[in-house]
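Once you have looked at the hints, place chain B with the ligands on chain A.
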Amino acid sequence: MTDQNNKPESLWPLYEVFLRPRNGLSHKHVGSLHAADDEMALQNARDVYTRRGEAMSIWVVPSKAIIASAPDERDSLIEPSTEERKPYRHPTFYDIPDEVGHM
Amino acid sequence: MYTQALSTERPAPASAVEDPALLARFQARIDAEERIEPMDWMPKAYRQTLIRQISQHAHSEIIGMQPEGNWLTRAPSLKRKLQLLAKIQDEGGHGLYLYSAAETLGVSREELVGQLLSGKAKYSSIFNYPTLSWADIGAIGWLVDGAAIMNQIPLCRCSYGPYARAMILICKEESFHQRQGYEIMMTLAKGTPKQKAMAQDALNRWWWPSVMMFGPSDKDSVHSDQAMRWKIKRFTNDALRQKFVDATVPQAHYLGLTIPDPDLTYDEASKHWITGPIDWDEFWRVVKGEGPCNKQRLETRRKVHDDGAWVREAAEAFAAKRRKAKRAAAA
Ligand SMILES: [Fe+2]
Ligand SMILES: [Fe+2]
Chain A
563 MTDQNNKPES LWPLYEVFLR PRNGLSHKHV GSLHAADDEM ALQNARDVYT RRGEAMSIWV
623 VPSKAIIASA PDERDSLIEP STEERKPYRH PTFYDIPDEV GHM
Chain B
39 MYTQALSTER PAPASAVEDP ALLARFQARI DAEERIEPMD WMPKAYRQTL IRQISQHAHS
99 EIIGMQPEGN WLTRAPSLKR KLQLLAKIQD EGGHGLYLYS AAETLGVSRE ELVGQLLSGK
159 AKYSSIFNYP TLSWADIGAI GWLVDGAAIM NQIPLCRCSY GPYARAMILI CKEESFHQRQ
219 GYEIMMTLAK GTPKQKAMAQ DALNRWWWPS VMMFGPSDKD SVHSDQAMRW KIKRFTNDAL
279 RQKFVDATVP QAHYLGLTIP DPDLTYDEAS KHWITGPIDW DEFWRVVKGE GPCNKQRLET
339 RRKVHDDGAW VREAAEAFAA KRRKAKRAAA A
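Going down the list, the protein sequences come from chains A and B.
Using our numbering, you'd call the opening residue of the first sequence number 563 and step up by one each time.
Using our numbering, you'd call the opening residue of the second sequence number 39 and step up by one each time.
Quick caveat, the hints were computed from the structure, so don't treat them as lab data.
Below 20 Å or equal to it, Euclidean Cα-Cα: the simulated DMTMM-like pairs (lysine to aspartate or glutamate) are:
#	chain 1	residue 1	chain 2	residue 2
1	B	K82	A	D634
2	B	K119	B	E211
3	B	K210	A	E616
Looking at chain B on its own, in the form it has when it is part of the complex:
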């Protein structure tokens, strides 16, 4: 998921001040499906695009722990609590895999984390929505992780080796996330009328933001073309969105829930579910910082970072102590 915000910034032109011969050889390697590795020559714009995309992806994993963390202490059973805890730990792990991948491009961890904390960096706007009930945890696993999987599977074949390899690790873990979410929805949908209403309410609130996770429509997306040529991206935003809608609508029907889109129709000819118009004004409002939780997410992240300072300090003090003890033992 998580890479939609990429499409909101204009990329540097690929050909700007690059040696045409090197550029041609680079493109030939990409076309031959070779992977580009950290020490290889690459155009500056390729490097910049990847640093931005991978770090936004990492930030999204880290911020994404917050909406779910909101229900950790109020999970309905110990079993659900353990499952949710495991999922949130995975998301933290995903953030770390991705920061490491970004660092191979010559940017420091400190710089990346700094960009997140200062508010300069973007992360997926889906995480600026609140989790109002337990059913939202089900909806997030099912829809948000479901959308993430659609987006991330093609990234396993991204032309940049370290990113592709991180995505393979991540995709292995995402399936559990989506299934635990859908199982929560199933339990609620088969429960009391009140529980089913909770599930429907969560679907009502998470459906459109999930559909928007794939980013602006192809006709409004500023630089899909270059990312496609470089095989950073394999499918357009609209193509991925369509895959997601086609996979998800029948899953909602199975639950006996209604997709909150009165215009949703099945097109027999193309075998696709066609959604009604998407409210892109809302999308841009949230991207630009006016979502319900933008401020809270960033404040929480900053506070957590500051509150964790003593842990980093203690780790260093302990490392120093251990070094000293080793030196003493060797002497």
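Here chain A stands alone, though its shape is the one from the complex:
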């Protein structure tokens, strides 16, 4: 909300929050938040997204720093590498006789 002394909260930059869980997987996007600066974004991320020890490490990234592919580029981006187009990139494409055993 706006009042005279205070900038509206949404004028604070938006940050995307990523957590690396305990299980050794890489950081994963969990949501976003607003904060007055980077350090406070990190503190807010801890309070909002890790109330149960969800993270061994937290990343916050200004949302505007993310360079994203556009949805209408999806066909040219993904289609060339799908299993239908390039089945030979997948293990099941190759027939190995049962006698060879598990491979």
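Positioned in the frame of chain A, the structure of chain B with the ligands alone reads:
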């Protein structure tokens, strides 16, 4: 929970001034169970419906902290106080996850909070009832969060990606809420006759409002159909309500408490508990602002927002100071 008020407003017609080809492709994606993401094309009515539903949901989480906050300083033990504090913090977190999800649809946080503070936005009417005794904290966790879970689990598969993902985070936390509530009820129900009477009194007052949380009956619900086609909604209000009643009645029996419904019967054939008539007049009165606490909830929210102004101001001043120090160090 918390999304019932959605059913009280008429939606924009889906086909109004939309390109039929885009609309058809959109519906095909929904039918194929693809998730719609913020940058994707979507019909205006889909966007509007979601902004309204997600923000009402967020407001409900935020307002929902008040009835429970009422007992925080009077919890019967330090253990109960810590548990309740943790639950209320979760609800605040839920509100924040949901505001972020709503913002991905192109609406600002400022606008959403403004709608709540001005009284323009709706939130779940359950939070307009007072918490008169400690047993109400048990009843809320058990019944209100229990009803919320019924409603929220299908929302984890909502067609809009950011909403569905926020619901997954939320559902992980709700189970604790319901169990802590039921445990409070169990302790009271097994306690002295006076404590058991407290538990029964809380059930008497919270039962019907909880049953009504699922919103108007399907035959009176204005736009279930479109929300179902868009897979914003997966089950009708009545279907979710029935699931809740079926799950909850045996839990009340286990506590040795009586559901305050003389017409409640078990239907052997359908294996469902059938409730007596629901007082929808009361529901609409509360939705329209005449519940016992509507005024108080909004006034408290406004006061808290104003009282917090200095915190936001201090955060900005501190950020500015830190920026200056960094610049000085770099120079
Ligand atoms: Fe919640
Ligand atoms: Fe909850």
